[in-house]
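Use these hints to put chain B with the ligands onto chain C, whose structure you have.
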Amino acid sequence: MAGKDIIVEALKQEGVEVIFGFPGGAIIDINDALEKDGTIKYVLVRHEQGATHAADGYARATGKVGVCLVTSGPGATNTVTGIATAYMDSIPMVVLTGQVPTALIGNDAFQEVDIVGITRPCTKHNYLVKDVKDLPRILKEAFYLARTGRPGPVLIDLPKDVQNQKAEFKYPETIKLRSYNPVLEPHNKQIRRAYRLIEKAKRPIIYAGGGVIISGAHKELKTLAETIHAPVTMTLMGLGGFPGTHEYSLGMLGMHGSYCANMAMANTDLIIAVGARFDDRVTGKIEAFAPLAKIIHIDIDPTSIQKNVKVDVPIVGDSKLALKKLNKIIHEEGRPDEAWKDLHAAWWDQIKAWEKRHPLTYKLDKDVIKPQYVIEKLYEMTKDKDPIITTEVGQNQMWAAQFFKFDKPRTLLTSGGLGTMGYGFPAAIGAQMAFPDRLVIDIAGDGSIQMNIQEMATAMEQRLPVKIVILNNEFLGMVRQWQELFYDKRYAATKFHVTPDFVKIAEAYGANGFRATKPGDVESVLEQGLNAEGLTIMEFAIAKEEGVFPMVPAGKATTEMLLV
Amino acid sequence: MKHTLSVLVENCPGALSRITGLFSGRGFNIESLSVAPTLDPTLSHLTLVTRGDEFIIEQIIKQLNRLVDVYKVVDVSEGEFVEREMALIKVRAEDETRAEILRMCDIFRCKVVDVSPKTYTIEVTGPESKMKAVTELLKPLGIKEIARTGTIAMAREKKSV
Ligand SMILES: Cc1ncc(C[n+]2csc(CCOP(=O)(O)OP(=O)(O)O)c2C)c(N)n1
Ligand SMILES: [Mg+2]
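Just so you know, the sequences run in chain order C and B. So for the first sequence, the numbering used here puts the first residue at 2; every next one is plus one. So for the second sequence, the numbering used here puts the first residue at 135; every next one is plus one.
Looking at chain C on its own, in the form it has when it is part of the complex (with noise of 0.2 Å):
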């Protein structure tokens, strides 16, 4: 078997459902072996780094491995950014690169690019396939590597006499990799350890990060906090971990986190940290984050844990059987309900008079529409539809983050670690892919949908019915934020002279386009932009020095927040 049939069959015993990709002279072989066997479904895209990020959303939609296939040279340069962003966020991807013949190698020849060597950094673990018979082997192993143990991208480079050249297919049932063994079963010695801590705790809270997601341990998780009556506060990372209506859901933590959230993390006395890092944009200055706190952290990670903040109880597994493991032992130890309840009693009295003091909240205008009145909209509207929030990145992630709920895992797909403008369009197109039948949002920002517009070709192509919110604010909303904050209001670079007209492009490409310019139409153009067949926009003309709040400026304690 030749070795782009290998490949195609390896893809189909992996399960695959679906590739996105671009096509090019290195990788034609492949297209043209997909193309004759037909089972896979192939999604054309129109710019490489869309195709990583529509496989990143499939990924992060479904939890199963996203995968790409792209041409050498440019086609290869150009799924970097969404290969970082899967990175940074340990969504499970493979990504397929065609490269020149392997006898051209180091030559500078025609499309030649060291994407091995570009993406080392940034990848899980890559390969350079020099002899078709490895081929299976390397195929069986990317995937699996992808999505075990802290799952990432994985990228396998295919020069194109390997393509071609012939050997037997025989894919490996089992996997040899001496030199990787994740650690799933957390030590029982720390499980006791953090019990011992967590019955003592009269201020505990837990932080709960996006490997709760990724391991599913939501239900885990929920049973813990309500066992032990403890808040949860969640990354952006980690938003639908717990339900976000959840009486003891406090929202997110950190920069722009909840008054609430960032309190109770610099008073508590125990953090029990799931499936989190401790980010930068968590902690704020570190000298000053939880002083009083001890900390028991959960994660598959090793080098997460003691990385920023020294750890009481590390514990290194997977989060759900983690949870799984505390949970029975506190179920073991049978503490009454009454007793957790008592514990806790004046801290919750104390959480809640924070919560009254500095809700999470803004101020309405009758004239210009406020861009949290436009997510408080669009959650009331589709909250009961289960619908799937992506975001671009700036203020529009974040004021959908801290006023949309998510209450499922899953449901918010967001570029937390990385950041990229231009994620949150092509994701949506990987997660409708997946769940052609559900409802799927991009809220974006006028810059952001800017970088990877070209999807809607794609979109349009695969009838995909995603909807996206523009809060067009005509400005790099979350730039200029922090130019009127730190920089005299001087807004270098940040405001757009120049604004498409989003409902003429939408039109262009043959979808529908709405626009709401009065507070009066968010909710008409909601309802007929939710209710029109097909790719749609609504763009709503935002307050255009709208700020983010509450925050916490770059290097600051979290307490240090700056309110509305």
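Just so you know, nobody snuck in bad clues.
Label-pair restraints from in silico Cβ distances:
| no. | chain 1 | residue 1 | chain 2 | residue 2 | range |
| --- | --- | --- | --- | --- | --- |
| 1 | C | D281 | B | D187 | 16 to 22 Å |
| 2 | B | E214 | C | S180 | 23 to 29 Å |
| 3 | C | R358 | B | D187 | 36 to 42 Å |
| 4 | C | I29 | B | K136 | 51 to 57 Å |
| 5 | B | K136 | C | D281 | 26 to 32 Å |
Calculated Cβ distances over 10 Å to all of chain B for the following chain C residues:
| no. | residue |
| --- | --- |
| 6 | K37 |
| 7 | K65 |
| 8 | E113 |
| 9 | K203 |
| 10 | I287 |
| 11 | W341 |
| 12 | V565 |
Think of the hints as simulated: they come from the structure by calculation, not from any bench. Glycine included, C-beta positions come from ideal geometry on N, C-alpha and C.
Okay, now just chain B with the ligands, sitting in the frame of chain C:
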């Protein structure tokens, strides 16, 4: 603090560059590095000398372990260990200094491995401190060229890789 790490890594293309890339990408420093295949030709043994406080060293070790190609990492400097380096030093050896150089070689148990009318090439093995001492003493006589290996190290007794 100086730490000497012993790393077993899959002997495959890219593995070394993953390791050095990890150091440069995260702002860690490599003071010396030496690599050679082990008895098992599919594994390479790498000795790496680096500096950092306990937190940094812990991060370095964890980050190394996270690489898919890295089989095992041991901080040999955590316990008792032996370390050796080797240097070849080509030193000017004129009539009046030839005897003195040989005497020095004798004291430091170095070997003369090449002789020419005007030079000796000396082989020195030992820990880093000895390399320093020998080069300092030879400097005034005129060192023409020097080639040094990185450190190799091994834990004493059972803490072997
Ligand atoms: C690819 C990329 N380039 C630059 C940035 C820096 N950046 C962060 S937010 C932002 C502004 C985004 O503008 P827009 O999409 O209009 O969103 P808004 O903040 O106005 O809601 C910029 C430029 C980024 N995150 N990603
Ligand atoms: Mg904007």
